[in-house]
Amino acid sequence: MDRLSRWRRRTRPPSAPSGTDPELGELFARQRGADAGGLLETAEELRRRLSQEPGPKADPCYQRQLRASLVSAAQARGQARRHRLGLLFGTGVGAAGLAMVAVVVFSLVVLPQPARKVRVQAAISGNHRVAVTAAIRLGFNQPMDEAAVDEGLRITPAVSFATSWPDSRTLVISPQNGLAPNVGYVVTIAQSDVRAQSGAQAGAEVVIPFGTGSAPSTPQGIPPSVVSITPDASITGSAAISYGDDYSLLVLSSGELEAISPSQPASSPSPTFAEPSPSASPAAAGGTLYLLNPSPQVVATDALGAACSPDSQEIAYWTPQADGTLGLEVISASGGTPETLATSDGSNPGLAWLDDGDLLYASAGQLHEVSLDGQITSVFPEVRLAPSDFFTLSPSSQQLFTTPAGVPTVYSLTSGTSSPIPGLVGLPAWTLSGSEMGYVDQSGGSAAIELSSDGGVQSTQLLSAPSGVELGGLSFDPTGSYLAYTTTGTGEQAQLELVDVQSQIVGSLGSFAEVGDPVWAPSGDQLSALAEATGSDTVDVYSLLLSGTGESRPAGDAAQDLALSAAASLAQLQVTDSASSQSSINALLAPGASLGSTILLPGRFDRFYAISATPTSSGATTYTVDLRLVRDANGSAGPAYLPELVTVQTAGASPLITVVSQGALTPVPLGPLVLSASASVTSSGAVVVEIQFNSDLNPATVGSESISLDANGQAVPNLEFNYAPLTRTETVTAPSLTPGALTLTVSAPLADVDGTPMHGTFQVVLQAGSASPG
Amino acid sequence: MRLPLDDEDELIGRAQADPEGFGQLYDHYFPQIYRYVASRVRNRELAEDITSEVFFKALRAIGRYRPGGHPFSAWLYQIAVNAITDHYRSRKRSEESLDDRAELAAPGTAVDEEVAQRMAIAQIRAAIDALPDQQRTAMTLKYSEDLPLAEIGQIMGKSEGAVKLLIFRGTASVRLQLQALRAGAQGQGQDG
Numbered sequence: 001m002d003r004l005s006r007w008r009r010r011t012r013p014p015s016a017p018s019g020t021d022p023e024l025g026e027l028f029a030r031q032r033g034a035d036a037g038g039l040l041e042t043a044e045e046l047r048r049r050l051s052q053e054p055g056p057k058a059d060p061c062y063q064r065q066l067r068a069s070l071v072s073a074a075q076a077r078g079q080a081r082r083h084r085l086g087l088l089f090g091t092g093v094g095a096a097g098l099a100m101v102a103v104v105v106f107s108l109v110v111l112p113q114p115a116r117k118v119r120v121q122a123a124i125s126g127n128h129r130v131a132v133t134a135a136i137r138l139g140f141n142q143p144m145d146e147a148a149v150d151e152g153l154r155i156t157p158a159v160s161f162a163t164s165w166p167d168s169r170t171l172v173i174s175p176q177n178g179l180a181p182n183v184g185y186v187v188t189i190a191q192s193d194v195r196a197q198s199g200a201q202a203g204a205e206v207v208i209p210f211g212t213g214s215a216p217s218t219p220q221g222i223p224p225s226v227v228s229i230t231p232d233a234s235i236t237g238s239a240a241i242s243y244g245d246d247y248s249l250l251v252l253s254s255g256e257l258e259a260i261s262p263s264q265p266a267s268s269p270s271p272t273f274a275e276p277s278p279s280a281s282p283a284a285a286g287g288t289l290y291l292l293n294p295s296p297q298v299v300a301t302d303a304l305g306a307a308c309s310p311d312s313q314e315i316a317y318w319t320p321q322a323d324g325t326l327g328l329e330v331i332s333a334s335g336g337t338p339e340t341l342a343t344s345d346g347s348n349p350g351l352a353w354l355d356d357g358d359l360l361y362a363s364a365g366q367l368h369e370v371s372l373d374g375q376i377t378s379v380f381p382e383v384r385l386a387p388s389d390f391f392t393l394s395p396s397s398q399q400l401f402t403t404p405a406g407v408p409t410v411y412s413l414t415s416g417t418s419s420p421i422p423g424l425v426g427l428p429a430w431t432l433s434g435s436e437m438g439y440v441d442q443s444g445g446s447a448a449i450e451l452s453s454d455g456g457v458q459s460t461q462l463l464s465a466p467s468g469v470e471l472g473g474l475s476f477d478p479t480g481s482y483l484a485y486t487t488t489g490t491g492e493q494a495q496l497e498l499v500d501v502q503s504q505i506v507g508s509l510g511s512f513a514e515v516g517d518p519v520w521a522p523s524g525d526q527l528s529a530l531a532e533a534t535g536s537d538t539v540d541v542y543s544l545l546l547s548g549t550g551e552s553r554p555a556g557d558a559a560q561d562l563a564l565s566a567a568a569s570l571a572q573l574q575v576t577d578s579a580s581s582q583s584s585i586n587a588l589l590a591p592g593a594s595l596g597s598t599i600l601l602p603g604r605f606d607r608f609y610a611i612s613a614t615p616t617s618s619g620a621t622t623y624t625v626d627l628r629l630v631r632d633a634n635g636s637a638g639p640a641y642l643p644e645l646v647t648v649q650t651a652g653a654s655p656l657i658t659v660v661s662q663g664a665l666t667p668v669p670l671g672p673l674v675l676s677a678s679a680s681v682t683s684s685g686a687v688v689v690e691i692q693f694n695s696d697l698n699p700a701t702v703g704s705e706s707i708s709l710d711a712n713g714q715a716v717p718n719l720e721f722n723y724a725p726l727t728r729t730e731t732v733t734a735p736s737l738t739p740g741a742l743t744l745t746v747s748a749p750l751a752d753v754d755g756t757p758m759h760g761t762f763q764v765v766l767q768a769g770s771a772s773p774g
Numbered sequence: 775m776r777l778p779l780d781d782e783d784e785l786i787g788r789a790q791a792d793p794e795g796f797g798q799l800y801d802h803y804f805p806q807i808y809r810y811v812a813s814r815v816r817n818r819e820l821a822e823d824i825t826s827e828v829f830f831k832a833l834r835a836i837g838r839y840r841p842g843g844h845p846f847s848a849w850l851y852q853i854a855v856n857a858i859t860d861h862y863r864s865r866k867r868s869e870e871s872l873d874d875r876a877e878l879a880a881p882g883t884a885v886d887e888e889v890a891q892r893m894a895i896a897q898i899r900a901a902i903d904a905l906p907d908q909q910r911t912a913m914t915l916k917y918s919e920d921l922p923l924a925e926i927g928q929i930m931g932k933s934e935g936a937v938k939l940l941i942f943r944g945t946a947s948v949r950l951q952l953q954a955l956r957a958g959a960q961g962q963g964q965d966g
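As given, the protein sequences belong to chains S and V, one line each in that order. Just so we're aligned, residue 1 is where the first sequence starts under the numbering used here, counting upward by one. Just so we're aligned, residue 775 is where the second sequence starts under the numbering used here, counting upward by one.
Here chain S stands alone, though its shape is the one from the complex (with noise of 0.2 Å):
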């Protein structure tokens, strides 16, 4: 509350009746439309049967006991601070003194306990899409011997990790270079280390199975390519994309709302239809506003702006009332009767959560915050707001942007100051975190992005669009690497394209005679946009699988990336669980070409890479794709994995799948695996082998004794290693090489940082990018 402290003017509540409860008289005064006489009587009610009831009797054996347990522990806790101050021991430890030990051991060990065995949760168990950069957090039920579990705790594949312990009851392990991109992980604690400060231990070692996305970001900065454009739905008229927090995506169209089948595996039922999102939706058409859960429910036939709160517990949204003004009602997310809690005469009201309890909109052309018990309170008094002005805050409820008598100002909320950007078009868009600021800039005539870390009071350009070209619908990727945007020229196809923010490389994801604002999944792997082809009189809705840095992609061979792009494809529909998927995997299939019957059962597998592309003989356009599809670990059972080798034809207009073969279903093996591998030849004609493992190296284990490369059955000599703990990239290269097919081997005494061994020995056969003569 103090970030708007400076900028309020309180409006007070009105009086509140007097009652029994002069709290509640006024809570119940307060709700528009309800009826308070008959709340204050049921709280009467309430309050006089349930402060009678007399309630179970607490057995006084029990409670005598419980005292006793406690002041001896009180008094062991007493011994014990003594001891550790040296108040029973001097410099010599004597018979006494031990014995004295003894006694403060044996109290210890024989106080009565609470018979409460530790229980541990973990936010990410069971999530297939953990960001990378996530730290993980484990709660337990009571407080721990820290050192203990700091001793029993493992995550497999290995990983580089600090500990932190906010309090005794919370775990956070931070990984040191992050975690792997598409990666099943199992934090593990021996059930001997899981102990309590109390003595009491968990019923078994703890397990908690977790996955990474394939965050859309590649070691070379090379940005995704689209593996798939599906047109999910058709529909007309007006409509709304959102993803749920499952990562189904959600169209609101007409009133008739669609979930589309998840690209992974749904970790947790969606509350609403809507996103957490802490943006107001400016000018919206008015649309059914429904709860998903826990049974399908219509909320408002005619809603405007919806927004969840950051805690997914309510929703709020304008409704037109019967006065002709819009109210602002509220709703929680698990059901029941909405209230309202303010109202506006604004045609154009906006919407947005500054936090979980309070509300910002506007009305008569100013800004209001409303607490949930329907507090209003004026905001930035001096800001006149025009009927058609919107406004949009930061994610972290930093900034507002707003664009009062026409002029685009970002406003911080915490220092009270403003920077108008006059040549802002548009809305502006912010990372996950609110750090970071993109927006479009017609200032010099044509269109550029800029990006500002404090609020547009300073940015720098990164691109700019040729003459006559617009530039929208600015969206960053949840992790804040790529930035998706349309571009649209006068009679030409409206573009939807991506740039790396840090290598300012540029992608097109695709191209439409129309394209909205394009949506990014929370995994960060998938984007959605409206969209409408050029002849269609329907407007289509889009999902862009993006392929990630588990599908490593040498780049200047467009063959070899076609024939990655489509085992990718086929790949993702095998571990999409969706009953759409055999026909999207008939489409990517050669005439006449026959199936095993595994890849026509969809949804086995949690996650899939790619580790090479190999052409079937030099100069040829069919190659040979290896990939794994993986089933994470789960409460049943470890993570196991089925290797495929895909075989496509690029010579067509479009890649064409011909032969598939898999193996069997194999547990995934402890130590070091390789993910990827690629080579290229460099300009030097120089070759460089890349090798791209899912666990944190031992580096020196990493060198010539445990990878080795044959050309022409001769070793390669005079190799150079450099691994790259970031991205667990050990890149090996070759001097001088005469281009052709080289084997790559690794094996022991390759190690984790755990010291585990690569198990077996890994081997392929890689044909250079692009060779040229050595």
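Everything labelled a hint here was simulated from the structure, so no lab data went into it. Be careful, since some hints might not be right.
Derived Cβ-Cβ restraints for the label pairs, each shown as a range [as the list claims (entries may be wrong)]:
1. S:638 x V:801: 49 to 55 Å
2. S:490 x V:931: 51 to 57 Å
3. S:335 x V:838: 39 to 45 Å
4. S:324 x V:924: 34 to 40 Å
5. V:838 x S:733: 55 to 61 Å
6. S:22 x V:931: 20 to 26 Å
7. S:190 x V:792: 37 to 43 Å
8. S:433 x V:792: 47 to 53 Å
Calculated Cβ distances over 12 Å to all of chain S for the following chain V residues [unchecked claim]:
9. 782
10. 783
11. 785
12. 841
13. 848
14. 958
All figures in this text were calculated on a predicted structure; none of them were measured in a lab. The C-beta atom is built at its ideal place from N, Cα and C for all residues, glycine as well.
Following the hints, put chain V in place on chain S, whose structure we already have.
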């Protein structure tokens, strides 16, 4: 019973310094904490288990306790609310609720008036049980424990405004349920 602040400070000071002082603090606060826990879980064994946990946690942390403008009982309630939440997270509530209702609905041997009182409380409890968890917590603290809204906010880690909304929604929902139940009972009586 709420102690004057000076007496409370003295009691806490003794509990921090002396094992028997903690025993006296326990004597004073046990009844209300046990009553609260029991009213939430309504299973004697479980209530005893959770109450034990609350006081052991309080003992471990009493040295770090500093008065913060709210009664000491708010701190104990906070520990109890967290312990109950932990319990429900770890078990399926539906199983628990079925057991609870069975225990609550056990026929008494009292006279008609007491039976009617028990039935009324059973209806109220059933209506409160049907509420979302946070509404249930706020309603119990308000109506069973008669705590001020600000103190409930302190216990639940929420703003007073958020607590008001929980109480308003909970009360409105319970009112509706009670009205439906009583209308149904009346209808049955007329039919019969």
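Exercise for review: Take a look at whether the Cβ-Cβ distance between residue 490 of chain S and residue 931 of chain V falls inside 51 to 57 Å.
Suggested key: Holds: the Cβ-Cβ distance is about 56 Å, inside 51 to 57 Å.
**Study point:** Range hint compliance [Cβ, residue 22 of chain S to residue 931 of chain V, 20 to 26 Å]
**Key:** Hint holds: Cβ distance 24 Å, inside 20 to 26 Å.
Practice item. Mind checking the hinted window 39 to 45 Å against the Cβ distance between residue 335 of chain S and residue 838 of chain V? Key: 40 Å, holds
**Study point:** residue 785 of chain V and chain S, when compared Cβ to Cβ, separated by more than 12 Å
**Key:** 14 Å, holds
Practice item. Evaluate the given range 55 to 61 Å for the C-beta pair formed by residue 838 of chain V and residue 733 of chain S. Key: At roughly 57 Å between Cβ atoms, residue 733 of chain S and residue 838 of chain V fall inside 55 to 61 Å, so the hint holds.
Point to revise | Supplied distance hint 47 to 53 Å, evaluated on CB atoms of residue 433 of chain S and residue 792 of chain V | key: 49 Å, holds
Point to revise | 12 Å Cβ clearance of residue 848 of chain V from chain S | key: Since the minimum Cβ distance to chain S is about 16 Å, residue 848 of chain V lies beyond 12 Å and the statement holds.
Exercise for review: Taking the shortest Cβ-to-Cβ distance between residue 958 of chain V and chain S, state whether it exceeds 12 Å.
Suggested key: 17 Å, holds
**Study point:** Minimum Cβ-Cβ distance from residue 782 of chain V to chain S exceeds 12 Å
**Key:** At roughly 18 Å from the nearest Cβ of chain S, residue 782 of chain V sits farther out than 12 Å, so the non-interface label holds.
**Study point:** Range agreement (Cβ of residue 792 of chain V with Cβ of residue 190 of chain S, hint 37 to 43 Å)
**Key:** Holds - the Cβ-Cβ distance for residue 190 of chain S and residue 792 of chain V, about 39 Å, lies within 37 to 43 Å.
Practice item. Take a quick look at residue 783 of chain V and tell me if its Cβ sits farther than 12 Å from every Cβ on chain S, holds or violated. Key: 19 Å, holds
Review point. Taking the closest pair, is the beta carbon of residue 841 of chain V still more than 12 Å from chain S?
Key: With a cut-off of 12 Å, residue 841 of chain V remains clear of chain S, as the shortest Cβ separation is near 20 Å.
The structure agrees with every numbered hint stated previously.
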